[in-house]
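Chemist: Residue numbers (the numbering used here), protein chains in the order written: chain A, 792 to 1343; chain B, 150 to 393; chain C, 190 to 541.
FYI, nobody ran anything at the bench for these hints, they're computed from the structure.
Facing chain A, from chain B, some residues (calculated, C-beta under 7 Å): (1) H175; (2) S185; (3) A207; (4) Y300; (5) L307; (6) L325; (7) A328.
The calculated lysine-lysine pairs, modelled on DSSO-like cross-linking and capped at a C-alpha distance of 27 Å, are: (8) K468(C) with K536(C); (9) K257(B) with K353(B); (10) K507(C) with K954(A); (11) K487(C) with K502(C); (12) K1141(A) with K268(C); (13) K954(A) with K514(C); (14) K463(C) with K443(C); (15) K1141(A) with K264(C); (16) K1083(A) with K1141(A); (17) K321(C) with K412(C); (18) K1223(A) with K264(C); (19) K514(C) with K443(C); (20) K187(B) with K357(B); (21) K436(C) with K412(C); (22) K811(A) with K1292(A); (23) K268(C) with K1292(A); (24) K502(C) with K436(C); (25) K268(C) with K1223(A); (26) K468(C) with K541(C); (27) K423(C) with K436(C); (28) K514(C) with K502(C).
Only a predicted model underlies this, so the values are computations on that prediction, with no experimental measurement involved. Just so it is clear, CB atoms sit at the ideal spot from N, CA and C, and this is done for glycine as well.
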Amino acid sequence: MTTNVPAVDTHVAEPTSGRKNFLNCSSGFMSWAGTLDHKRIGLMYLVGVSIAFLCGGLFALLVRLHLWSPEGALFANADYNQIFTLHGAFMVFLFVIPAIPGSLGNMVLPLMLGAKDVALPRLNLLSFYLWCSGAVMATLAIILGGFDTGWTFYAPYSIYTDKAVVSIGLGIFLLGFSSIFTGLNFIVTVHKLRAPGLTWFRMPLFVWALYATSILQVLATPVLGITVLLVAFERLYNIGIFDPRLGGDPVLFEHFFWFYSHPAVYIMVLPAFGIVSELVSVHSRKPLFGYKLIAFSSLAIAIISFLVWGHHMFTSGQSTYAMFAFSFLTFFVAIPTAIKEFSWVATIWKGSIALNSPMLYTLAFLIIFAIGGLTGVILGALNVDIHLHDTYFVVAHFHYVMMGSIALAFFAGLHHWWPKMFGVMYNETLAKIACGIIFIGFNTTFLPQFIMGSRGMPRRYATYVPEYAPYHHASTIGAVILGLGIALMVYYLVASLFSGKRAMQNQWGGVTLDWHTPTPPPLENFDHSPSVTTEVYDYSVLDLETTRTPAS
Amino acid sequence: MSHDGHHSVVIPAPGPEFQSHTVAHHFDTPVQEFQSAKLGFWLFLATEILLFGGLFAAYFYYHQMYHETFHLGGQQLDWWLGALNTSVLLLSSWTMAMGVRSAQTSQKGKLLMYCGLTVLGAVIFLVIKFFEYKAKNEHGLIEFAHLFDGYNGATGQLSWFTDHDGVMAGVPHGHLFFAIYLTMTAIHGLHVIIGAGLIVWIMKGAAKGRFHAGYYLPVDLVGLYWHLVDLIWIFLFPLLYLVS
Amino acid sequence: MFVNLFQDPVNAAQGVAESVPQNPHAPAQTIDAWGQLPKLASTFGDVDGLFYFTYAVCIFFFVLIFAALLYSVIKWHRKTYDQPAASNVTHNTPLEVVWTVIPLIIVMVMFAWGFKGSLDMTNVPHGARQYKATAKQWNWTFSYPNDPVQSYGELWLEVGKPASFLLESTDVLHAFYMPSMRVKRDVVPGRYQKVWFQPIEKGEYHLFCAEYCGDDHSKMYAKVHVVDAVEYAKRPWDQWDDNNPAKGGESRYKALCSSCHSLDGTPLTGPSWKGLFVKDASGAIVGGQRDVFVGGVKETITVDDAYIIESIKNPEAKKAAGHEKNAMTAFPNLPDREIHGIIEFMKTLAGK
Ligand code: HEA
Ligand code: HEA
Ligand code: CUA
Ligand SMILES: [Cu+2]
Chain A
792 MTTNVPAVDT HVAEPTSGRK NFLNCSSGFM SWAGTLDHKR IGLMYLVGVS
842 IAFLCGGLFA LLVRLHLWSP EGALFANADY NQIFTLHGAF MVFLFVIPAI
892 PGSLGNMVLP LMLGAKDVAL PRLNLLSFYL WCSGAVMATL AIILGGFDTG
942 WTFYAPYSIY TDKAVVSIGL GIFLLGFSSI FTGLNFIVTV HKLRAPGLTW
992 FRMPLFVWAL YATSILQVLA TPVLGITVLL VAFERLYNIG IFDPRLGGDP
1042 VLFEHFFWFY SHPAVYIMVL PAFGIVSELV SVHSRKPLFG YKLIAFSSLA
1092 IAIISFLVWG HHMFTSGQST YAMFAFSFLT FFVAIPTAIK EFSWVATIWK
1142 GSIALNSPML YTLAFLIIFA IGGLTGVILG ALNVDIHLHD TYFVVAHFHY
1192 VMMGSIALAF FAGLHHWWPK MFGVMYNETL AKIACGIIFI GFNTTFLPQF
1242 IMGSRGMPRR YATYVPEYAP YHHASTIGAV ILGLGIALMV YYLVASLFSG
1292 KRAMQNQWGG VTLDWHTPTP PPLENFDHSP SVTTEVYDYS VLDLETTRTP
1342 AS
Chain B
150 MSHDGHHSVV IPAPGPEFQS HTVAHHFDTP VQEFQSAKLG FWLFLATEIL
200 LFGGLFAAYF YYHQMYHETF HLGGQQLDWW LGALNTSVLL LSSWTMAMGV
250 RSAQTSQKGK LLMYCGLTVL GAVIFLVIKF FEYKAKNEHG LIEFAHLFDG
300 YNGATGQLSW FTDHDGVMAG VPHGHLFFAI YLTMTAIHGL HVIIGAGLIV
350 WIMKGAAKGR FHAGYYLPVD LVGLYWHLVD LIWIFLFPLL YLVS
Chain C
190 MFVNLFQDPV NAAQGVAESV PQNPHAPAQT IDAWGQLPKL ASTFGDVDGL
240 FYFTYAVCIF FFVLIFAALL YSVIKWHRKT YDQPAASNVT HNTPLEVVWT
290 VIPLIIVMVM FAWGFKGSLD MTNVPHGARQ YKATAKQWNW TFSYPNDPVQ
340 SYGELWLEVG KPASFLLEST DVLHAFYMPS MRVKRDVVPG RYQKVWFQPI
390 EKGEYHLFCA EYCGDDHSKM YAKVHVVDAV EYAKRPWDQW DDNNPAKGGE
440 SRYKALCSSC HSLDGTPLTG PSWKGLFVKD ASGAIVGGQR DVFVGGVKET
490 ITVDDAYIIE SIKNPEAKKA AGHEKNAMTA FPNLPDREIH GIIEFMKTLA
540 GK
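Same shape as in the complex, but just chain A (with noise of 0.2 Å):
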């Protein structure tokens, strides 16, 4: 029997309390290490990412405390260049890339997409385990002596430098299959999966973004797997291909890494988008202005993203022509970004708007993300890049994007289903005052980079000229109010899994597929196969009962 969604459904208004569902249906170690469920899967990502989100913050911490003063606070200049290598591998490698699609991208997608799991169960719980097998060996590696090459292991400092590379450099590859195969389970459940009259353009938004990434998890990360193994191979038996006194070109490197590198870039953020477009709607309550165009544009942003690789090497003395066409490609990037983020700004106009802290989250999103992009945008013009690059601008440029953008909407994500996966509502008074904690102490942390960085402060500089002391003092002090809006979000969410107040069954009022579930969901996610007869986003269905029955 199927019902058609949504349509009231009774299994959803009347909460049964004490029903099982993916949380307590089954208890003990090997219940979860051996779980094929998805949201187990994804709870487990969710645990792994964060520890990784917090060893990477609690490095960071510690750059910007050295930072405080012009020859450096606490470290020797060689520790401290390992210090800002571990913080940039751990957020990107550990943290940033797997963070969105791994925890709630698998907790999420195939609820949304109707489906029982994903299409390759066991494949994803290999995933995971990739990951473990990745963090344990980049752990491995500072216990052997720590890697110091900042996160894009330029050949070939990574070459003759005495430090753990071949161990990091395998970890970085397994977390590289890691991620291939997440994209891969995703791309065979979107396109197999998908419930009866679900169509393509049916499909939220959320699905879209992760579909778009998972293309490029399996075209560009295999990239990145050969060249850690070739600096792998570089130092275990001198292959020389990357080594000049052996023949070799760095500057190779150099387009090998970025050409996973930047796509990655996109791995990274377009997860983001999807879960910006999906938070703008619900909590608007409103249907996605240019919903095609911006399923289109992040397609389009998945395919220009592979031709733009060279705008990180505008210094490295390529060719006019190449310079020519990765800074004209760079530009055509900026536009489907730019249709995205007016359609999210056209579809909150005119909404019924919900001040609660996804949406707070989403809108600090909105407006941090239109300055790391166009940050970006600055550092694609050749001449200007020429002055900036390497320079404190693209630190602030990246944490723009990275962390004011993808982690803030990695945090609204993880606000918005957190009363999906858990059942439980955190202190919503104290999750907006954190979140104006974090939006104040990111910008605090990150706007007197631009400033230094246009002046010339250079990027991985353990000591500095002083005439850049102020702003790395109101960095400093920026980071640390961060760290303590960060602190408090921790504090809310854990404390709201153990005496948190019984959450809706629709908290907020959404009507895709994962709001027609019972919550927090069975082990099989739904109690009758469900299909689609709406469109996409129809608020004029929504039951409003639902957001006010209790979670079973």
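Fit chains B and C with the ligands to the known structure of chain A by using the hints.
Modeler: Frame of chain A; chains B and C with the ligands shown alone:
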């Protein structure tokens, strides 16, 4: 926990020597299961090709840069051993295809035989590869005993490349060709070993009667993998052996 | 370790100047009239023009978006739980065309302007003076046109004269970066790179290494003096005083050796120079005893001038015990008088 209301689909065994197959709980139909796995596997093959793509890119870059080195390096390889290996792999691709066919037609004995032949092909390939490596070792082009001894910046001496017959003298960075040769063929060889392992695993399942006309998905996928291994070699052979 | 955290930055900076003598900071840069970039001291004004143009574009769109969000939130925030959206419009083709085309036009302007500016940076004018900058972990060496004398960690240029640099690295990647001149170029080992600019303003400027190159990347600094023709003609980079070779030796030590060799016994990448020469009972300066590895065999030798010279030109020949795993970059081209000066400087350390 109960799968309340959901009945798992079961594909019956075509005969007593076969086993039935239960479709995974989250699929509605066997076709959905088959197509999902197949699509996933094709995507995986794409990543494999891209992984090798990185190596090919490096190959072409340095071929362009050090033309003579690659020319001369190619001459040091036994092209007829390479050709022999190419035919071995092509033949094994055929036996693998026949194996898949046998699974689709529920011919248990033939499936086992063809898989066995394919594994034999893999073994012959590896033996020939071993003798090639051995020859390189003897000429000091790739000295496996010193592979990991490193590079001495002061003397400019690379431990594993001594070239004591001087065959690469006069061209710049003679070791580069052999480094790329070794890396590509070793990674490919690893794929051959993994593929052979998978086929042995298929044979174990086949012996138990798991694969038949109703369910031959794993055989099909391993077959695809084996063709990929073959395909990559088809590219490696002319690039490495026939450059000159 | 936390002490520095609470130090006054200005004093701390003086601390740097003492403890890191190879890092003589030029006076702070002056900022241009618009308040963002260091005052332009070369002819690459397109960078500034485009920078401020895009800056304005950024501010415009930021204000636009911020204002739209603020207005929406104030005007249409949800007052009752069942409040529907004020409008359900999902398309507005003219609007969508506008917000696609306007950014497109803006970015194309930026592209063209940026490309033109970068072409200027690649086309070296005829008659530019040809300098050479050699980067190695972690210092800069400069060669002047038709002049055998090199300078270390400091560079002199003549105002108004285009200067073109051949960039060379002997180890890893570095980058030649002068914020005031708006130029940056990676220094790639195994490749020769070029960078040029025309200084138009006298003064002292920063030259940073902008590509991460290992431990002391942040100390790979050079001070650039842009001087007038009269001053330049005096060859200010030639500061060697044959009457006081130890002084010259000390300056070379600071520029080239101090990143790896301490004077007070602290082992760094290389052994400390303390004890290379010692005073005997009569107070005369004689060579100290050193344990070294020759071809892997340990020997004890007495330090003499020949040993020092060999250590500088061919450090692999005898490796100082305790540091045998580390490599020293060789300095085969260091002029004899400078090697002599360094040895004289080492001798002044005897007995300290
Ligand atoms: C998820 C991360 C992410 C994202 C989304 C982006 C987005 C963009 N990035 Fe960024 N970038 C990084 C992460 C990211 N970047 C990182 C990590 C680095 C440094 C790596 C390292 O060296 O360590 C970097 C570095 C970097 C460089 C190299 C700088 C250098 O080292 O010299 C460049 C140069 O072109 C660039 C450009 C861009 C552009 C054009 C976009 C565009 O996609 C932005 C598009 C967005 C907008 C345009 C804003 C929204 C639109 C409007 C508000 C409407 C108005 C728009 C217009 C008028 C155009 N980035
Ligand atoms: C997703 C990616 C991501 C994220 C989220 C961040 C987050 C932060 N980053 Fe990071 N950063 C990178 C990716 C990221 N970074 C990368 C790729 C580099 C380049 C590395 C390289 O050059 O190789 C870099 C480099 C980098 C630098 C430049 C270093 C240099 O060039 O020398 C700096 C300096 O300020 C910095 C600061 C910060 C700060 C303050 C945060 C903050 O947002 C962090 C916030 C988190 C916390 C503050 C911790 C959480 C809270 C607790 C643990 C509780 C306890 C705390 C308190 C009670 C205070 N980062
Ligand atoms: Cu030299 Cu950084
Ligand atoms: Cu990029």
